[in-house]
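> Fit chain L with the ligands to the given chain R structure using the hints.
Here are the chains, one letter per residue:
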Amino acid sequence: MKSLVCMKVAPKVDQIKFDEVKKTIVREGVENEINEADKNALEAALSLKETHGGTVTVISMGPPSFEPYLRLAVSMGADDAILLSDRAFAAADTFATSRVLAQAIKKVGLFDLVFCGEASSDGSTEQVPSSIAEWLGVPQITYANNIKIEDSKVVGRRVITGGYEIIESQLPVLVSVELGANTPRFPDFRRKRWADKEFKLTVWNIQDLGLNPNDVGLLGSYTIVKELKSLPAPARKGEFVTGSPQEIAKKLAQVIKASA
Amino acid sequence: MSQILLQKEEGKEENMNGHEIFVFIEQTDGTIEDVSLEVLGKAREIADKLGGSVTAVLFGENVESLTGEVAKSGADLVLYGESSLLKDYTTEAYAKVFEAQIRKRKPDVLLIGATHNGASLAASLAIKLGSGLMAHVIDLEIESDTGKLLGSVPGFGGSIVSVCKCSKGDIEMATVRPGIFKQREPSTSRIGVIQRIEADLKPEDKKCKVLERSVKRTEELARTERVVVAGLGCRGELSLPKELAEDIGGSLGVSRPLADKGLVPKDKVVGSTGSSLNAKLAIVLGVSGAAHFSSGIRDVKTVIAINTDSNSQIFKLADYCVKGDLFEILPYLTAELESSSK
Ligand SMILES: Cc1cc2nc3c(=O)[nH]c(=O)nc-3n(C[C@H](O)[C@H](O)[C@H](O)COP(=O)(O)OP(=O)(O)OC[C@H]3O[C@@H](n4cnc5c(N)ncnc54)[C@H](O)[C@@H]3O)c2cc1C
Ligand SMILES: Nc1ncnc2c1ncn2[C@@H]1O[C@H](COP(=O)(O)O)[C@@H](O)[C@H]1O
Chain R
1 MKSLVCMKVA
11 PKVDQIKFDE
21 VKKTIVREGV
31 ENEINEADKN
41 ALEAALSLKE
51 THGGTVTVIS
61 MGPPSFEPYL
71 RLAVSMGADD
81 AILLSDRAFA
91 AADTFATSRV
101 LAQAIKKVGL
111 FDLVFCGEAS
121 SDGSTEQVPS
131 SIAEWLGVPQ
141 ITYANNIKIE
151 DSKVVGRRVI
161 TGGYEIIESQ
171 LPVLVSVELG
181 ANTPRFPDFR
191 RKRWADKEFK
201 LTVWNIQDLG
211 LNPNDVGLLG
221 SYTIVKELKS
231 LPAPARKGEF
241 VTGSPQEIAK
251 KLAQVIKASA
Chain L
261 MSQILLQKEE
271 GKEENMNGHE
281 IFVFIEQTDG
291 TIEDVSLEVL
301 GKAREIADKL
311 GGSVTAVLFG
321 ENVESLTGEV
331 AKSGADLVLY
341 GESSLLKDYT
351 TEAYAKVFEA
361 QIRKRKPDVL
371 LIGATHNGAS
381 LAASLAIKLG
391 SGLMAHVIDL
401 EIESDTGKLL
411 GSVPGFGGSI
421 VSVCKCSKGD
431 IEMATVRPGI
441 FKQREPSTSR
451 IGVIQRIEAD
461 LKPEDKKCKV
471 LERSVKRTEE
481 LARTERVVVA
491 GLGCRGELSL
501 PKELAEDIGG
511 SLGVSRPLAD
521 KGLVPKDKVV
531 GSTGSSLNAK
541 LAIVLGVSGA
551 AHFSSGIRDV
561 KTVIAINTDS
571 NSQIFKLADY
581 CVKGDLFEIL
591 PYLTAELESS
601 SK
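First to last, the protein sequences are chains R and L.
Per the numbering used here, the first sequence runs over residues 1 to 260.
Per the numbering used here, the second sequence runs over residues 261 to 602.
Hints are computed from structural coordinates only; laboratory data are not their basis.
Cβ coordinates follow ideal geometry from the N, Cα and C atoms, glycine included.
Please note that the accuracy of each hint is not assured.
Among the chain L residues that face chain R by a calculated CB cut under 8 Å, a handful are [unchecked claim]:
| # | residue |
| --- | --- |
| 1 | Gly392 |
| 2 | Ser419 |
| 3 | Glu472 |
Next up, chain R with everything else stripped away, as it sits in the complex (with noise of 0.2 Å):
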């Protein structure tokens, strides 16, 4: 089995502030970290590999600060990684950033799978995998976990409205996989010092890939952000309500009857 999978570095969103007066992200001082369901799509790919034996190969579209979270993912078991980084791969909207990461697996070769995670947690729209799937011109199965290899063919569970299904398709395919379909491993730490010294990333820009400036980035995107807001948090009364168990429980029974 020869896997992709492709791997974002987002910021935590929990520590993401937003600008009233500049209408801007604030992004100094966030920590990163390798996108929660791009770890659940790593873990597949690397399980399935245990099964079925190949390689795995992590693909990040991303400035070269997300370099230590593709050494994590190789500690993690990953093959090869691959970071695509170019000034002018900036600010792209989901078709620009599927067709850079199509070129890139094309650029790599024959595969049998490529995964993706369910959502970005930061831009969240779901829509790279499906997209990729497409320039690609290959099957997808979208939202997946449980995600066997049976005679030849990929079989997963898809998770749809009120409830699932069992899709089978021929490879290659695409596969979105579902945040926390799995439990991600942690990385090795003897293959940890040997992914951090002596591993040699591969870095492609834009000439590398062959794409034109106008495809790619901020020109490539197909979709512009007139202004960013805020949903300003609804007004809360924050009020304690203290006391023993019992008196706890008497007090909240009353807010409890007051709000019917």
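Then chain L with the ligands, alone, in the frame of chain R:
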């Protein structure tokens, strides 16, 4: 029928007002998704404002019987395509027949409910058509000077919204978050035109096969007046929260990790990837109040939170805050409610 078609053909090039809005009507086993009719209602409102028309597009195996309801819910024209290859939703087959229809009729706008199927279909179509796509918008407006669609796209868990528009391509596209817009009362006086369309598919076009499906529709959390929300702090032990939900005559919702563990169905999730509550009362137990969760309780009238951590973010989002162990407090609370209801 011909009147609408004529109007459209003439209107297309010369008349800016000839807006045709396409709405995808998603159905599973003959049941139309609520969000599709919500989107249809909003499309009707926009079309009336712009003097345009609304075309609903429906695919499946035997779906003709659903078209009447769609017409009554706001569509001027209902296009339906039938094929045994469209019985189950698969992105490849649906995107192929949908693309053909869009290339044929060249609508100005395409709106799709942001279910999992809808989001996958929309993202595939956007690439096929070379068009911009706004993700699960929570509001839609028309920009006054350009007549373009403005979509409010939530990000960062739902706390920040970017107002976007499509800047390239022949069609403007958006997926719409479920539960945002209102369905129209079906009106028998609306006469929509119903038209069967060709669904040109070969067996090879269907690359995925649905082997099994299990769908159970339960009462929608978004419409429940009183909700008890359980989080990881409940340690998977849901009998007390369930009892409390019963005592207050409400239902149980959860933070996402509890559903990921398979303890409750996914449609009980509160938050950016689940429901946004509109309840009068929510009692939130052992939930930390992460950004992706918080957007789900924004519109609740009264929020009670119980958490052992006095610094928990959830207390900034609650009206009545209890710093304490939910397992200690709940037995007294349920006893209190049960005795006073006698
Ligand atoms: C793309 C994306 C989408 C997401 N969508 C959603 C979504 O829609 N909905 C959602 O909920 N999450 C969503 N999440 C996950 C979200 O970020 C949080 O991880 C999640 O909400 C945390 O759940 P929790 O509060 O139950 O658990 P935790 O954060 O672990 O909080 C548990 C809380 O319980 C308290 N506690 C522990 N023991 C007790 C006790 N005995 N009594 C009282 N309190 C106790 C603790 O102090 C703690 O505050 C999403 C994440 C991503 C990346
Ligand atoms: N810049 C990126 N680099 C690599 N993968 C990405 C990138 N952006 C999005 N993805 C993939 O697409 C998935 C969905 O992202 P989104 O469409 O932003 O919600 C993520 O979980 C990743 O797998």
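> Look at each hint and say if it fits the structure.
Taking the hints in turn, this is what the structure says about them:
1. Gly392: 4 Å, holds
2. Ser419: 6 Å, holds
3. Glu472: Holds. Min distance 4 Å.
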